[in-house]
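> Sequence lines, in order, name chains A and B. Read in order, the letters of the first sequence correspond to residues 1 to 316 in our numbering. Read in order, the letters of the second sequence correspond to residues 1 to 316 in our numbering.
Treat each hint with caution, since some may be false.
The list makes no distinction among identical chains, and a pair is therefore deemed to hold if it is satisfied within one copy or across any two copies.
Unchecked claim - BS3-like, lysine-lysine: derived pairs with alpha carbons at most 27 angstroms apart:
| id | residue 1 | residue 2 |
| --- | --- | --- |
| 1 | 277 | 82 |
| 2 | 82 | 282 |
| 3 | 129 | 82 |
| 4 | 282 | 86 |
| 5 | 125 | 76 |
| 6 | 277 | 238 |
| 7 | 238 | 294 |
| 8 | 282 | 238 |
| 9 | 76 | 129 |
| 10 | 282 | 231 |
What the hints contain is simulated information worked out from the structure, not anything from laboratory work.
There are 2 protein chains.
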Amino acid sequence: MYIGALDIGGTKTIVGIIDQNGSILCKYQFATNTYNWQQHFLSCCTVLRQCIDSIGISCDDLYGIGINMPGMVNSKEGILLKAVYKGWENIDVKSFFRCETGIDHIVIENDVNACAIGELLFGYKDAYKNFIWMTVSTGIGGAVVSEGRLIRGGWNCAGEFGHLKVEYEHPALCPCGQSGCLEAHASGTAITRYTKEAIREDPLFEEAFSFHKQPMDAIGCSVLAKQGNHKAVEIYEKAAIWLGRGISYCVNVLNPEAVIIGGGVASSLDLMTDVIKLTTEKNVHTTLSGFDIKVTRLGYEAALLGAAALVILNSK
Amino acid sequence: MYIGALDIGGTKTIVGIIDQNGSILCKYQFATNTYNWQQHFLSCCTVLRQCIDSIGISCDDLYGIGINMPGMVNSKEGILLKAVYKGWENIDVKSFFRCETGIDHIVIENDVNACAIGELLFGYKDAYKNFIWMTVSTGIGGAVVSEGRLIRGGWNCAGEFGHLKVEYEHPALCPCGQSGCLEAHASGTAITRYTKEAIREDPLFEEAFSFHKQPMDAIGCSVLAKQGNHKAVEIYEKAAIWLGRGISYCVNVLNPEAVIIGGGVASSLDLMTDVIKLTTEKNVHTTLSGFDIKVTRLGYEAALLGAAALVILNSK
Numbered sequence: 001m002y003i004g005a006l007d008i009g010g011t012k013t014i015v016g017i018i019d020q021n022g023s024i025l026c027k028y029q030f031a032t033n034t035y036n037w038q039q040h041f042l043s044c045c046t047v048l049r050q051c052i053d054s055i056g057i058s059c060d061d062l063y064g065i066g067i068n069m070p071g072m073v074n075s076k077e078g079i080l081l082k083a084v085y086k087g088w089e090n091i092d093v094k095s096f097f098r099c100e101t102g103i104d105h106i107v108i109e110n111d112v113n114a115c116a117i118g119e120l121l122f123g124y125k126d127a128y129k130n131f132i133w134m135t136v137s138t139g140i141g142g143a144v145v146s147e148g149r150l151i152r153g154g155w156n157c158a159g160e161f162g163h164l165k166v167e168y169e170h171p172a173l174c175p176c177g178q179s180g181c182l183e184a185h186a187s188g189t190a191i192t193r194y195t196k197e198a199i200r201e202d203p204l205f206e207e208a209f210s211f212h213k214q215p216m217d218a219i220g221c222s223v224l225a226k227q228g229n230h231k232a233v234e235i236y237e238k239a240a241i242w243l244g245r246g247i248s249y250c251v252n253v254l255n256p257e258a259v260i261i262g263g264g265v266a267s268s269l270d271l272m273t274d275v276i277k278l279t280t281e282k283n284v285h286t287t288l289s290g291f292d293i294k295v296t297r298l299g300y301e302a303a304l305l306g307a308a309a310l311v312i313l314n315s316k
Numbered sequence: 001m002y003i004g005a006l007d008i009g010g011t012k013t014i015v016g017i018i019d020q021n022g023s024i025l026c027k028y029q030f031a032t033n034t035y036n037w038q039q040h041f042l043s044c045c046t047v048l049r050q051c052i053d054s055i056g057i058s059c060d061d062l063y064g065i066g067i068n069m070p071g072m073v074n075s076k077e078g079i080l081l082k083a084v085y086k087g088w089e090n091i092d093v094k095s096f097f098r099c100e101t102g103i104d105h106i107v108i109e110n111d112v113n114a115c116a117i118g119e120l121l122f123g124y125k126d127a128y129k130n131f132i133w134m135t136v137s138t139g140i141g142g143a144v145v146s147e148g149r150l151i152r153g154g155w156n157c158a159g160e161f162g163h164l165k166v167e168y169e170h171p172a173l174c175p176c177g178q179s180g181c182l183e184a185h186a187s188g189t190a191i192t193r194y195t196k197e198a199i200r201e202d203p204l205f206e207e208a209f210s211f212h213k214q215p216m217d218a219i220g221c222s223v224l225a226k227q228g229n230h231k232a233v234e235i236y237e238k239a240a241i242w243l244g245r246g247i248s249y250c251v252n253v254l255n256p257e258a259v260i261i262g263g264g265v266a267s268s269l270d271l272m273t274d275v276i277k278l279t280t281e282k283n284v285h286t287t288l289s290g291f292d293i294k295v296t297r298l299g300y301e302a303a304l305l306g307a308a309a310l311v312i313l314n315s316k
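Sequences and hints are given; from them, build the entire structure.
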């Protein structure tokens with residue numbers, strides 16, 4: 001089975017062909033044209049055709065196309081309600097791609113929801129049927145899976161973990177306009193902010209970055225932390241406390257078997273796991289404390305694999 | 001259709017017969033014998049037979065029996081895993097009642113989950129398919145309904161809203177052993193504590209209770225608040241802030257269409273709704289703020305009606 005997968009992200013788009021086992025047969029990455037959705041969708045179709053050609057199949061061989069996007073999606077109708085970029089509102093994505101490709105089976109979904117579905121089909125599979133998926137990257141997004149089904153909420157917006165309030169005493173401003181949100185205290189952006197603050201206060205810390213030729217951001221900080229730099233370790237542990245608080249809320253509400261973390265910061269999860277566990281143990285009801293904290297098994301391609309998984313799940 | 005309903009609570013048990021429309025045809029209330037579950041279950045069977053006799057039907061006319069209890073329940077197997085009272089552990093409730101009554105269709109469930117199912121079938125019905133149910137009483141419990149289905153979690157413990165951490169600066173000790181829980185700051189018990197504290201600090205407040213012949217607890221305080229006593233109003237508004245925080249977490253995670261509140265404190269919800277709304281507006285992502293806050297339509301009988309609703313829902 002060949003599935004077309006489109007992961008339309010904030011800055012980049014990946015188009016690929018994936019088989020029923022979650023193997024990526026080909027993929028191509030290019031910049032997202034956020035200024036003109038029609039033009040960008042047409043580019044996606046062109047790239048998809050190139051992918052089809054490159055593996056020697058025809059368009060008719062595609063079982064379906066899964067498309068995910070960062071925003072509010074009405075997946076039943078196949079409509080993008082609102083994306084994070086200006087002008088991307090109320091777009092009938094399903095009809096557009098049906099018309100352009102001639103393929104009938106098209107599924108669209110919010111990108112983090114797609115990651116969770118990808119995890120269910122191609123990642124931890126049967127290990128967890130009740131879990132939350134958390135993307136910790138520039139921002140923080142989430143998805144909820146219960147008994148193997150996506151929980152969408154009243155208007156398809158469940159999983160706003162990034163806006164759980166975790167810090168009431170010294171709340172930082174969040175891009176959403178509120179303060180004290182998990183995203184403002186534990187995202188990659190927040191970790192970069194902590195790093196820059198620490199560098200301003202401590203010339204020795206700045207020297208460590210220069211010496212190890214690391215960028216003065218969350219990634220550079222994680223490299224230093226993995227080498228045992230105490231200040232860098234402290235920064236990740238600080239973020240872990242806030243992540244632990246946010247995760248605790250989710251656990252008390254949902255009793256998940258696992259919290260699965262993806263996004264750029266997931267590669268530094270080992271720096272945070274102990275503190276997250278300690279924090280959640282203090283903050284979740286004792287009956288709920290047996291859940292696992294795991295890095296996604298889908299790696300960098302979680303959203304692309306998720307797009308393909310949507311097509312399989314929606315055909316059952 | 002006649003349904004047997006058993007609501008086995010912490011101090012009292014209600015046994016009744018309910019029809020398919022949620023009308024209570026008869027009911028009988030008695031103390032829960034927490035010291036001996038076998039004896040208590042036998043008493044329940046005796047009372048159920050009396051109920052059957054009193055409305056002039058026979059045991060064979062019962063379509064099924066719904067039983068709810070305050071604790072962890074494996075509803076698939078019909079087993080009470082752990083109740084709040086000593087010695088009530090790993091009890092095969094379904095087999096016991098099948099054997100004693102000869103009725104095959106027996107459903108058991110956690111009491112707050114049962115309330116939510118009752119609301120779905122007999123309360124707000126089709127108005128909400130995605131909602132959370134919150135019992136605010138001596139303690140605080142919760143249940144989650146998504147697309148008309150109960151969300152149970154990994155080990156049947158979803159909905160521990162009472163143990164969401166809402167107060168980090170001056171956290172009060174919770175009966176669960178942790179501190180800062182919603183239950184420790186917004187339950188009926190907490191409101192009684194605030195009332196007693198305020199009485200100790202202010203002789204005029206104490207006089208108001210004496211003058212109006214009200215008990216110096218959450219109920220008395222609500223009577224005074226409804227009469228416009230400023231201190232009493234402040235106490236309910238204080239509890240409302242914490243409720244608002246707890247509700248905000250649930251809303252960010254689940255995007256419910258409504259938060260439905262039952263339990264003793266629900267009758268004072270009008271004293272708290274404005275502050276809850278203000279608090280949630282500050283704390284939930286803007287896309288999620290359109291949810292309703294409602295008092296249960298099932299009143300005092302929410303759990304009993306829930307027990308009957310379980311039987312109907314599980315027969316579909």
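> Evaluate each hint against the coordinates.
Status of each hint after checking the structure:
1. 277 / 82: Cα proximity of residue 277 and residue 82: across copies only (25 angstroms, versus 35 angstroms in one copy).
2. 82 / 282: Classified as between; 22 angstroms across copies, 38 angstroms inside a copy.
3. 129 / 82: Result: close only across copies, 23 angstroms inter versus 29 angstroms intra.
4. 282 / 86: between (42 angstroms within a copy, 24 angstroms between copies)
5. 125 / 76: both (24 angstroms within a copy, 22 angstroms between copies)
6. 277 / 238: within (13 angstroms within a copy, 31 angstroms between copies)
7. 238 / 294: For residue 238 and residue 294, only the intra-copy Cα distance (19 angstroms) is at most 27 angstroms; the inter-copy one is 38 angstroms.
8. 282 / 238: This pair counts as both: shortest intra-copy Cα distance 16 angstroms, inter-copy 24 angstroms.
9. 76 / 129: both (22 angstroms within a copy, 16 angstroms between copies)
10. 282 / 231: within (24 angstroms within a copy, 33 angstroms between copies)
Violated hints: none; the structure is consistent with every hint.
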